[in-house]
Amino acid sequence: MHSREPKEKKFEAYYITFEEARELLRKNVPLLEKITIDVSESAGYVLGEDIKAPISIPPFPNSSMDGYAIKGIDREVFRIVGEVKPGYFPKLKLRDGEAVKVFTGSPIPQNADAVVMIENTAEENGYIKVLRKPQNRENIREKGEEIKKGEIVLRKNSIITPPIAGLISELGLAKVKVFRKPKVFALVSGDEVIKPGKKLKPGKIYDANFAILENSLRELGIEEFRIKMVKDNPEEIEKQIREGVRWADIIITSGGISVGDRDFIRDVVMGIATPIFYKVKQKPGKPLFFGKIGKKLIFCLPGNPASAYILFFEYVAPAIRMMMGTRNPFPPEAEKILAESIQRKKAERMLFMRGKISGDYVVPLEKQESYMLSSFAEADCLIIVPEGANSIEKGEKVKVHLLHHC
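Okay, so the sequence shown: first residue is 19 according to this note's numbering, each after it adds one.
No lab work stands behind these hints: they were computed from the structure.
Some clues are possibly wrong.
Each pair of labels, with its calculated beta carbon distance range [what the hints assert, rightly or not]:
(1) E366 with T292: 22 to 32 Å
(2) D378 with K217: 46 to 56 Å
(3) E160 with E241: 35 to 45 Å
(4) K167 with N233: 21 to 31 Å
Note that the Cβ used here is the ideal one computed from N, Cα and C, for glycine as well.
With the hints as extra help, turn the sequences into a complete structure.
Put into structure tokens, the structure is as follows:
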């Protein structure tokens with residue numbers, strides 16, 4: 019097989035380190051525009067602006083318990099003069115020796131001294147006897163105790179989770195400004211792959227990458243995406259990519275990106291895209307391509323499914339998060355103690371090694387080949403074996419990237 023390596027001068031970077039590739043992502047991934055959406059549909063989006071509290075939380079003093087709001091902290095017996103239900107604001111002022119029945123969340127009369135838990139009272143003939151003397155303001159949630167009007171509650175670039183959406187709603191806001199999520203077009207290539215559910219014929223394999231890409235996009239909260247399967251046909255590949263560019267913000271391909279005679283995606287992409295980098299000193303996933311077609315991003319991943327997933331996790335997912343405005347787009351890292359030694363003959367590339375965390379330790383798993391997915395059944399991290407390291411001994415500390423789904 020003859021060599022079809024590209025000329026380095028065509029690229030901003032060729033066969034670069036992992037750190038260099040990350041830096042090129044930072045420099046080249048655009049931030050998408052802001053949109054305004056309903057808070058009820060905002061989970062998974064990233065805030066496009068700071069949020070200041072338009073009201074205090076709580077907006078008024080209220081009870082944290084079912085019981086009695088009392089006036090006269092040193093008294094033992096109080097006359098019951100009413101009841102305050104949640105949702106109704108009391109107009110009455112208590113006199114010394116008076117009490118009103120309250121419930122969790124009930125507004126408190128302005129001059130009440132404390133709320134006595136119902137368990138600490140005895141009621142008889144319209145009076146209560148306090149069985150345990152409360153502290154001043156006990157069981158009262160003060161106005162602005164959690165949030166004061168005018169303070170910054172949430173910062174721009176924060177991810178909206180379900181409780182954060184609840185917090186925004188609690189502030190009385192029905193709409194929120196966020197960064198738009200990217201539209202994604204993905205292409206899975208290969209004459210040898212067929213969809214699951216069909217009869218497996220000699221020479222064919224069931225495709226894994228369609229499911230990997232679709233579920234990875236769903237896990238990121240991407241709502242608008244299209245994924246297609248395509249045969250190893252250069253004309254059809256180019257047609258599909260150009261159609262994807264017209265619609266999507268990011269194009270992803272899997273397969274056909276190395277230097278073989280039938281790696282057609284590579285040939286097509288080199289002809290229509292502006293390359294940013296091609297090939298990274300990493301294993302698995304050396305033949306990774308990142309570039310632009312106009313203002314649209316394109317990532318070309320290898321066809322081996324473990325490689326495709328790892329590169330999506332380490333490169334594509336961070337790029338998507340950057341476009342959405344996420345403050346920390348890269349996988350979370352931790353330092354663990356190696357439970358078993360790692361040995362390898364060739365060390366010219368950084369190695370992503372699937373591992374299993376156990377407390378302060380991490381165990382390297384078996385079945386690490388780029389086509390093997392079964393080790394992900396146990397893996398909850400990727401162990402980072404640095405470029406140039408032929409071995410890491412048991413007991414040494416290693417960096418791991420935590421897999422989001424675990």
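Okay, the hints, checked on the actual structure:
| no. | hint | verdict |
| --- | --- | --- |
| 1 | E366 with T292: 22 to 32 Å | 28 Å, holds |
| 2 | D378 with K217: 46 to 56 Å | 49 Å, holds |
| 3 | E160 with E241: 35 to 45 Å | 41 Å, holds |
| 4 | K167 with N233: 21 to 31 Å | 43 Å, violated |
The structure fails hint 4 only (numbered hints given earlier).
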